[in-house]
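Student: Chains as they are written, first to last, in the numbering used here: chain B, 1 to 518; chain S, 1 to 390.
Accuracy of the hints is not assured; some may be wrong.
[What the hints assert, rightly or not] Below, computed lysine-lysine pairings styled on BS3-like, alpha-carbon distance capped at 30 Å:
1. K407(B) - K298(B)
2. K361(S) - K475(B)
3. K407(B) - K259(S)
4. K407(B) - K369(B)
5. K254(B) - K383(B)
6. K361(S) - K407(B)
7. K361(S) - K409(B)
It is worth saying that the hints were derived from the structure and are not from the lab.
Residues per chain, in single letters:
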Amino acid sequence: MRSLSMWLLAILVCGFSFPKAAAQCPARPVPGTVVSDPFSLSSQKGVLSAQLVVARSVDSFGYTHYCYKYDNSGQTIEAPTFRLNPGDQLALNVLNRIVDGGAMKMGMPPESGPVCGDGGDMTVDSTNVHFHGLNVPPICHQDDVIHTLIQPGSPGFKYDVQIPLNEPPGLYWYHPHVHGFAEFQVNGGAAGALIVEGMEKYRPEVTGLTERVFVIRQQYLVPWIPGPYQLTVNYQTTSLLGPKPIVQMKPGEKQFWRVANATNQDFLLLQVPVNGVPQPLEVIALDGYPLVKTRNQKVILVPPAGRAEFIVQGPPAGGSATFETSAYSTGPTGNPDIQQTLATVQLTGNGGVSAPAKPPAPGAAGNLKFANLAAQPVTAQRKIFFSEEFGGTNGPIQFYVTVEGQKQKVFESNEKPVIVTKVGAVEDWVVENRALETHAFHIHQIHFRVMEVDGKPVTDDDLRDTIEIPFWDGKGPFHSAKLRMDFRDPTTAGTFVFHCHILLHEDLGMMHKVEVDP
Amino acid sequence: MRRVSSFSLVRPILMAGLFLVSHFGVAATNYVISNDDAPFPFRTGVSFYAIGSNGLLAAPQQVFSGGNGISGGFFGANRLVALNGGGQQCVYASEAGSGNMVGIDVNTLALGGTAQGSPTDAGTSNGIGLAINTHYLYASFTDSGTIGTFQVQPGCGLTFVADIAVAGLGTGIINGMALHGNMLVATYTDGSIESFDTSHGTPVSHGDKQYSTATFSTMDATYPNSIDITKDGHYAIFGNTATSVVVEVSDISSGKLTKTTVYQSSASISSSNIRLSPDETLLYVVNSQGDSVSAIFFDKRTGTLSGGCTSNRLRGQSADWSYLGGLAFVSQTGNGAGVYVAEFGGSSGIALVNLTSSGHKCSLQEVPQSPFADPNAGLLSIGTFPPRSF
């Protein structure tokens, strides 16, 4: 979207007219202070039990925050990091205590199938949890987002998620996924990290390194109106003109940074300039999947919902460094993703508040899910494309993701799956972007292997769960990626979704169902 | 040889003049006109640009109306119409922020009248489109999904008559409108199109609501946006929002819409605003996201489109403006000789693109002096006075 005047108008008209909510969410860190890692909860004897309370408040600047609250012996923690080992159980109780979701009281009927949770209409006050990237079943009480609704005031909803024994170690994240309203709740707030331990078994380069977890969020004053936005690092704002968050390192120290892009729609182009010169970052994992072989990159593109894990070396004594995201063009009709300094690196004698190195996770390295996927025989090929209808200055009004040969339509909760396959299938999907803005393709329940980009073979053997498909500039062929989808695991049986992870697009229907029959 | 008195010579001229005044109005100064569409707290109204030599525009004279615009919205909703008939010379503009329809007397550049629809009529998100004949002004309210009927009054006034609720076959919102005789044609944002009988003022559907052919038959997301109708009322032409140039033509000679025929070209992106040249030999297309203008040859006997030309990207895209909006002709005769095009953005302007053509070939070239600055940021709808004759 390219209009700036409409958001100004909208803010004038609407932005300050929302009912103020009590300060249900914890106070956010003061800008310009040292960034702390999120509070961590680790599994004990194979189980991680926790209760999260979903709440909402509006801060003094008018930003609406939804949040996950955890009570740590009387201290309220926001969005703790869950740490589990493969084979562990996550027993999570979620209470919806959202009070007064504001003017957006419109509701949409839920899926007509089985009710999971409280049922009722999907509204901005409804919530649920998606465990983004986890390769777990799409069923009630695990990672279903189609049927599951947790309504305000309900007694609570229990998630019981078993981390597969062969789950790739890495960084995942959790966030609300009620269709039509995901953006509202993720906007600057309800999102947290989830780590499957054991990276050092597959990428020994990280052994003994100080580990940092950075969750980058994005907040708009009015979530559905593009305009100025703020990024936050572990909830500390990265204002353009004000003081920057501070990350502490020892001179020359190597740290293992685990970065989740939990923004609504910002494509992050991460880099760490030292004395103004971008340094090589040793990439360890993408989207929670360890790379077969590490590689050095000076810039790492992380689409919305993607994750990047990499080793950073601090500047020598007397040097300076920053943690940056560069400007990224999302196309003629996309939103501008501007350059921002996410943090400045402060050299200290002891590495500051960085978390200490952890002991290795139990067990030995085994074959991970999706191993050797590139060599598997393909059972079906499909083409899927993003497109938009764009009839005015307020941006596109219809967002489609369509299986070639089918009618373009927006997602409806009662729709039939647009793709039906079965357990055991291995499929190649060519995902193409025919729109004038970049989209971020994401599928639930599985990772995919990137086989080709724009028709050219990819040899990196990366497995991803979210990937950018660049915009079409009006000339030449559409950009595309060929993705190998792995439905061999019986736990994929069920119905789940694929969509653009620009959350506004997902909420407006750029999403459809895939059914995997047993 | 019988001497002809001077009076006998003058009388027919005077009679003809009186006829012209009563039916078409006195030919006022030529203007390019624009709907300022300025949102609160800015003043809005209509800007009148006197046309100088070679089509160059002077600084505008603004007539403020007291209402508010919204600075944006649908491309296909024409927010400004000119009336040159029924003894009146008026420009009517919609103000979506305040919900006003305002009339301005072109000869005095004074505000004539202001009217509003029903309390529920609203177009605050995407604007209010207009279509007019000598008796009625029709307003498409894009939020309430209604068409309001206003009766044209002397002195460029209006009185509200009634409104009707309209919607596409799916979830479409009313978008563009065009009027020919007693036939009003409308587009919806879901790709539906529909026509109405206006012989009794308030529109009554012809029962011909249907999806356009391109909505489902092309790969790209596309749907009809703006509309034009041939002078003889034989064809309705639709300019589509699309990732290419897509125009659809429906034979309406039966009095109803028929299945549209699709014309598609990869010359540019989108074709949200269209307008037939005065002689109906060319269809001008504004490529609202391709940042260019196209002209396609039109055969008014068969309703077919062919060939044509596309300009280079107009100057200032991205730096000064972000979208192209509506268009108006350089000349109200012949092939139009080119177009003025509204540029929407922080530094709105009006571009001047000249046409040269020979046989079945043409070229479109932005003149060196273009664009002409517009005092407002939200320019989408422009026109000329006098307007095209049909």
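Student: Next, verify each hint and record whether it holds.
Tutor: Comparing the hints with the structure gives:
In summary, the hint linking K407(B) to K298(B) is not supported, as the alpha carbons are separated by about 42 Å, beyond the 30 Å threshold. Between K361(S) and K475(B) the alpha-carbon distance is near 23 Å, which keeps this suggested pair within the 30 Å criterion. A hinted pair counts as satisfied when its Cα atoms are at most 30 Å apart, and K407(B) with K259(S) qualifies at roughly 18 Å. The hinted pair formed by K407(B) and K369(B) fails the criterion: a straight-line CA distance of about 34 Å is larger than 30 Å.
Note on K254(B) and K383(B): the hinted pairing is violated, with a Cα-Cα distance of about 43 Å set against a maximum of 30 Å. Between K361(S) and K407(B) the CA atoms are separated by roughly 37 Å; this puts the pair beyond 30 Å, and the hint is violated. For the given pair, K361(S) sits about 39 Å from K409(B) by alpha-carbon distance, which is inconsistent with the 30 Å threshold.
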